[in-house]
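Number of protein chains: 6
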Amino acid sequence: MDYNVSIDSITVGQQLEGFYVLSEAAVKVTAAGKPFLSAMISDRTGKLPAMVWDYAGPIGAADVGRVVKLRGEVSAYRGSLQITVDKLRLAREDDPYDSASLVPTAPIDQDAALHEIETLIDTIADDDYRRVARTLLTRDLDVFVRIPAAKSVHHAFLHGLLMHTAYMLRIADFLSGLYAEVVDRSLLLCGTLLHDFQKRDEFTFSELGLVTDYSVRGQLLGHLVMGAQEIASVAAELGVPEEKSVLLQHMVLSHHGEPEFGAAVRPMCAEAELLSHIDSIDSRMEIYREALAATPVGAFSERIYALDGRRLFRHE
Amino acid sequence: MDYNVSIDSITVGQQLEGFYVLSEAAVKVTAAGKPFLSAMISDRTGKLPAMVWDYAGPIGAADVGRVVKLRGEVSAYRGSLQITVDKLRLAREDDPYDSASLVPTAPIDQDAALHEIETLIDTIADDDYRRVARTLLTRDLDVFVRIPAAKSVHHAFLHGLLMHTAYMLRIADFLSGLYAEVVDRSLLLCGTLLHDFQKRDEFTFSELGLVTDYSVRGQLLGHLVMGAQEIASVAAELGVPEEKSVLLQHMVLSHHGEPEFGAAVRPMCAEAELLSHIDSIDSRMEIYREALAATPVGAFSERIYALDGRRLFRHE
Amino acid sequence: MDYNVSIDSITVGQQLEGFYVLSEAAVKVTAAGKPFLSAMISDRTGKLPAMVWDYAGPIGAADVGRVVKLRGEVSAYRGSLQITVDKLRLAREDDPYDSASLVPTAPIDQDAALHEIETLIDTIADDDYRRVARTLLTRDLDVFVRIPAAKSVHHAFLHGLLMHTAYMLRIADFLSGLYAEVVDRSLLLCGTLLHDFQKRDEFTFSELGLVTDYSVRGQLLGHLVMGAQEIASVAAELGVPEEKSVLLQHMVLSHHGEPEFGAAVRPMCAEAELLSHIDSIDSRMEIYREALAATPVGAFSERIYALDGRRLFRHE
Amino acid sequence: MDYNVSIDSITVGQQLEGFYVLSEAAVKVTAAGKPFLSAMISDRTGKLPAMVWDYAGPIGAADVGRVVKLRGEVSAYRGSLQITVDKLRLAREDDPYDSASLVPTAPIDQDAALHEIETLIDTIADDDYRRVARTLLTRDLDVFVRIPAAKSVHHAFLHGLLMHTAYMLRIADFLSGLYAEVVDRSLLLCGTLLHDFQKRDEFTFSELGLVTDYSVRGQLLGHLVMGAQEIASVAAELGVPEEKSVLLQHMVLSHHGEPEFGAAVRPMCAEAELLSHIDSIDSRMEIYREALAATPVGAFSERIYALDGRRLFRHE
Amino acid sequence: MDYNVSIDSITVGQQLEGFYVLSEAAVKVTAAGKPFLSAMISDRTGKLPAMVWDYAGPIGAADVGRVVKLRGEVSAYRGSLQITVDKLRLAREDDPYDSASLVPTAPIDQDAALHEIETLIDTIADDDYRRVARTLLTRDLDVFVRIPAAKSVHHAFLHGLLMHTAYMLRIADFLSGLYAEVVDRSLLLCGTLLHDFQKRDEFTFSELGLVTDYSVRGQLLGHLVMGAQEIASVAAELGVPEEKSVLLQHMVLSHHGEPEFGAAVRPMCAEAELLSHIDSIDSRMEIYREALAATPVGAFSERIYALDGRRLFRHE
Amino acid sequence: MDYNVSIDSITVGQQLEGFYVLSEAAVKVTAAGKPFLSAMISDRTGKLPAMVWDYAGPIGAADVGRVVKLRGEVSAYRGSLQITVDKLRLAREDDPYDSASLVPTAPIDQDAALHEIETLIDTIADDDYRRVARTLLTRDLDVFVRIPAAKSVHHAFLHGLLMHTAYMLRIADFLSGLYAEVVDRSLLLCGTLLHDFQKRDEFTFSELGLVTDYSVRGQLLGHLVMGAQEIASVAAELGVPEEKSVLLQHMVLSHHGEPEFGAAVRPMCAEAELLSHIDSIDSRMEIYREALAATPVGAFSERIYALDGRRLFRHE
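Read top to bottom, the protein sequences are chains A, B, C, D, E and F. Residue 1 is where the first sequence starts when you use my numbering, and the numbers rise one by one after that. Residue 1 is where the second sequence starts when you use my numbering, and the numbers rise one by one after that. Residue 1 is where the third sequence starts when you use my numbering, and the numbers rise one by one after that. Residue 1 is where the fourth sequence starts when you use my numbering, and the numbers rise one by one after that. Residue 1 is where the fifth sequence starts when you use my numbering, and the numbers rise one by one after that. Residue 1 is where the sixth sequence starts when you use my numbering, and the numbers rise one by one after that.
Source of the hints: derived by calculation from the structure; they are not laboratory data. Please note: incorrect hints may appear among the correct ones.
Intra- or inter-copy, both count: the list cannot distinguish identical chains.
[As the list claims (entries may be wrong)] Listed below are the simulated SDA-like cross-link pairs for lysine to any residue, each with C-alpha atoms no more than 20 Å apart in a straight line:
hint, residue 1, residue 2
1, Lys244, Gln229
2, Lys28, Ser9
3, Lys34, Leu81
4, Lys28, Asp201
5, Lys69, Asp213
6, Lys47, Leu88
7, Lys151, Ala299
8, Lys244, Gly298
9, Lys87, Glu243
10, Lys69, Gly298
11, Lys244, Pro296
12, Lys87, Gly18
13, Lys28, Gln82
14, Lys69, Pro296
15, Lys34, Ala76
16, Lys87, Pro49
17, Lys244, Ser215
18, Lys69, Ala125
19, Lys244, Gly46
20, Lys151, Arg303
21, Lys28, Leu48
22, Lys69, Leu208
23, Lys87, Met1
24, Lys87, Leu114
25, Lys34, Thr84
All chains should be modelled from the sequences, with the hints used to inform the complete structure.
What follows is the structure in structure tokens.
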């Protein structure tokens, strides 16, 4: 019996026991009329089909996204591996599994990233913008540090929003120096910090912290409009002048650049213009990083749908 | 001497005295180095160039949109009429001019229209939606009744928003009966009433009430996002359940239908879908009304830029 | 043995006998070289795979869309139900099956809808438009009352065109009152009645009346151009003045609004403008009705491809 | 006194008498209150402003497009030439002016072009298509030979449609040989002959034969739909089988290729596909011919709006 | 035992031996843990699944595109044919198979086509253009004559580029006569010959000569830019004047017509304009030829994705 | 008499003498038949109309863009200033005028900018990329340092290309550190240096160094394709490996991002993706800088056509 084997190293014939995420699950019926559970299990390294014969519950579709403990044997079916499970239960709070091994996580030092963000925010010269940034960061710190930045495409892992925001703030800091003549650094840094803050309420999350879907509010309003409302409300609380509040809201509302990409309005000040480019750069570099990691040197990636179906080249 | 002649009935040689709107104004200098005022005056029936020789002020560009009293003589210059002014001053508050004759006004009975709107709002069955509608209508009644619905294109006259909203509510009332199976009449009527409410703050207005330009906030946020914020805030005050508030905000945010036409999100419920069609129908019928009034029977109008350059046919 | 069980209530192990529509059919050969019929049967409530072993005909692909009588036993194969048939024949004209239970039907009172349409047509004030409407309605009454309005997407059931037209005429009647200043009610009602008349020849239909495909003429010309030709010809027969005939043709040719949605020309008169909006409203409300019926309260529908992939929200 | 001087050779100080086209005309009033006619005259070589002082009619705006006889003297005003007219009257039917010198004409031998077309039509192998082609050509011969193919852009001169059609038929003849495996030559030649036939009724024409505007029918239906109707009607008269009539109509309806360029349907058979390319080739080569004639060798033309603003290069 | 049976005439139960192309190949493992080869074999008439049980190599995925010799028996699996192979080896150079029977080939007389091209090139009047054409044709003759013009869609068979170029040159020759006033025949013929020359390096090819994929250079630069570079370099070698070299490069760079279809610049001279139309015509006629060959008379083809999903009609 | 007064400080009545650029010039004829020169003169601060009465040459349209010496008196005509010139001649090489006061110049320290670029190029780690960069920079140093980066829109002043490139290299340097995992700094810096190098041959320049127009080669090929050819040729000379040459060419060919913005191919490696964003950022920040300089605080700029007609807000 092998314990908690990572999915990308499983082989035919192995006896397994361990904790995995239940990624898909459906109770079906055989031709002979017997119930069985057809499922998919996953960890941070991959996925594996799992079958539980003569099983009608209690675990089923409603438990997708939760951690299970299972025991079984690996076989090959039509040339692919699968596991036939003989023991299955939901994990308990005190079970000794390691979430970090079960879900993908941002490849960064989280504490360093957060420290860097806080340090940059403290350098915002304008009192009003700094207070808005500080207040919201403090209020939502836990969520901000933990959640992914997306459901898929890029930064769809734990601490994804933290990583995305930290990189973007570094670029914002650099460009506000280069274009100091037209850019208000305080506005740019504050807007960059807050641009995706409402991803928090736009999505719903699984027990382990990954995005499972859009919330009703997220679908009907979108994180741009929701973010602008949160800023309007905090700015009012803090007594920030109207024009500054409006400029911050404008940054969030326009950060997708064009209406066809989801912007509620087009950028009309230099800081909003830069924010939409910085967001685009960091999103795309992460798409490249993830796609090229799965591509051999000298070859082209699969088509990337988020980039209009382009195939990316890995050189060297 | 003729008094307060309407501009569309002025003729060559007339001696005039009266009140008009100063629509354009610029102090220039002749080849001989003498200052003069080159202006345009208007009333609800048209426009006329006006020249004040040997005049350096105090009236000038800053007074555009205000009412003036003038005296002068009408001549023809290059085949067009113009007035050479010998007396000019700004109108005073106690001057006996009639605003209604100076600016275009909606061709409706305002009291009847407002009464009809209020009656319809009272029939909203859902308490929450009715309270939101009632509260906002009461709070902003004066402005709502008075302002145009646009700067140009359609309903760009006094009481234009009242007229536009009244017509749309009638259609909304009718369609919520026809499609009762999928439409919540309360939501549709409330959303229809409020969809353009923030035109109030999106625009700036002249002393006489016409739209002069977009406000800074109007440009940077837009009346859709501003309207959703106002609803969020009033709904919270009144203790309206979150989902109803979100649905109302969604109606306002999506009422332009497509992102390319300014919608912050696409309609996702039947009431929002209908609202965007109703808005489109009433806007276009008013464009037709105004364009066909200036077109002879059996002919095509000028190109209408708001309708992609189409020329409209006046039949019969 | 159970008789004429509706497909949505069939269970494993049932012995069935009854009439169903043969929706798909193909004769295949087993690995052992024996022929069998792999088919799909349907009624107005759903679909079910059917296998006829050791069967080489005469029933096959050419009978798709026809009614069959069959007897067999229901089993489960890979977790889904299917029926193993031991008796199969085509239904005969005198067989006692109920077409209404076999194909989906519009959820309206057909007689009432037709009566309402005829009553509205009789109120058309203009003699010429009324005669064209009356003539075509009388000439094609049977087909008009019976056929679906589409192959799928919306109103793809028996009496679909009747339902679609009846709803649209009600809206047309209402709006011609509201915009009486720019709308010729006679033209709008006549054009609305006739806008989809040539769906009759654009499609081919199964024995039971559902749309099976586009006809050659339907593909090469389209129901807009075909409809305009029919109007031109009837108007000439009836001695209708040229301009009225052209206006009616224009309404039909432009009722899809934009060339990218199939309009041969863009709307250029108020009645054509309204018709394209009314058509759009009624089509979309029916899409909402069908999609929301399959969506739980508080959830979003599947993506609707006819609405650019939007997901619709069912509130309450 | 010089007689019938062509406009491109007029010089300052000349005394002129002759026949010209009245291209623009408006009666205006001087600052002193006196009426005068402000006009533009033209011949096939250019345009010239003309002023008739102390003139209130009878010639005016309603006579635009007609031939006038005038006498006057050429002067320079603000650096440009103009003619001050002292005698002006409409030309009479028996006046000895030469229309060919007054309007632009296709640079082809008309008789040869017509003969070539008729010869090609006679080689159509299919009886039905040949009879349709022959019947329509014979019926409308005079108009077909005379009218321009457009209001501007290309072939906007007398015999323009004849020239355009003759060139296109030559290409159609050549390509039907090259692609004989997929192309029915009879269908392609017949469709090519008839594709623009209804330009006849789509436009209105001046006395001298140039296009002045779109007709009401032309605007509301378009020459594609009108052409398909004409074919449907002639084919029915001649007893042509339905499928052939539909294919011919399809060719005319689809000859603009894409809906955004005005096609009522997209081409779906090889002949329709070729026709849209042939039409595009001949239209563009004529645009090039006209644009390059006005461009020096080694330089680029003005922007050509019909070609998305491209500038064309004249090499050699 | 039957030898080298063409795939479209294979039947159940046949014992086969012969040479085929290995189109797909993957070694898999059965549920029992035994390796097997799951493959697809093809010849110019079709494809057939092939299974080699208890087989782990040496033939596998790396041999896709190569010719194999095999022996086996044909059975039916789930109603489709497949072959169970008992002997399998790669073909050797001296094996007596006929490539022409294994891969699709252009339906033309290659020698005649090449002769026609060379004859036309010899008639190019301009010395410079003729020398460029001659030099490149001579230098790359073998490849030019052999390769397909595409990976799929049209002309994706051996000698496809030869066929495509020969047809296009005939049209170019014809049109340069028709539009002699604006077209330099030498430039048009030379540009037409060379427009796709760099397909040679844009693609990679299998041993049998079909396109397998894009090369790295082909993806990163494209055959338009690569073709222009080749021309620039040869023209410099031959001392061709700069403007002629630039015009030839422009023809190749613009021959896809619009940027959205891959053109690096838009056509700006008459020859480039014609070339893009000629390329479009010949590509589409070949798409029609291939699609209609698979469509019954009186029916519509499958959707053609290269033509925006249109379905093509086969008449007669 | 005042000497070399800058145009933005000229006043009515001044007697002027000095050197200016002749921006527009046309010889015309008065109503009395006398020739005169209607011209526009400019320096780096603005423009002024100039009239030379009784003047027929030798200076005229052919001298536009050259420096002239003139003497005259300033008057006001229709409220605007103009100068009536009594002496006019072309400037001679030894005339003591200061070009820097006559044409707009980049607001940077040119030597510092060049030094920074050269220092960055020296830090390119890859020998091949560094040699290509060094070779081209050395070969074209004078032109690179001097020319504008555009004809208008942004960086349309002397040393514009130097400024644009220096800013972009700084961003490239910064981002290659931030995304070191996916970015080859050597490739990114080399590609950034060379991306606009061929603006040199894409444009023609006036004597003073501003862009006057596109060259024939620039129009027919574009600076992207021309730049890729130059790199291919230099890389071959220097023996750079094929893949590196192709990657550099790809960077230049794709730096406009999308085909609709002029890219010959879409970016397919991380460095090309970044380059297109960096180019976009620096172009837009310069557009903002120039537009906001002409906009009062708290107001919106004129519509910026290079930004789809957006109006930009100047806050603070």
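* Structure versus earlier hints - violations, ascending order -> 4, 5, 9, 10, 14, 18, 19 and 24
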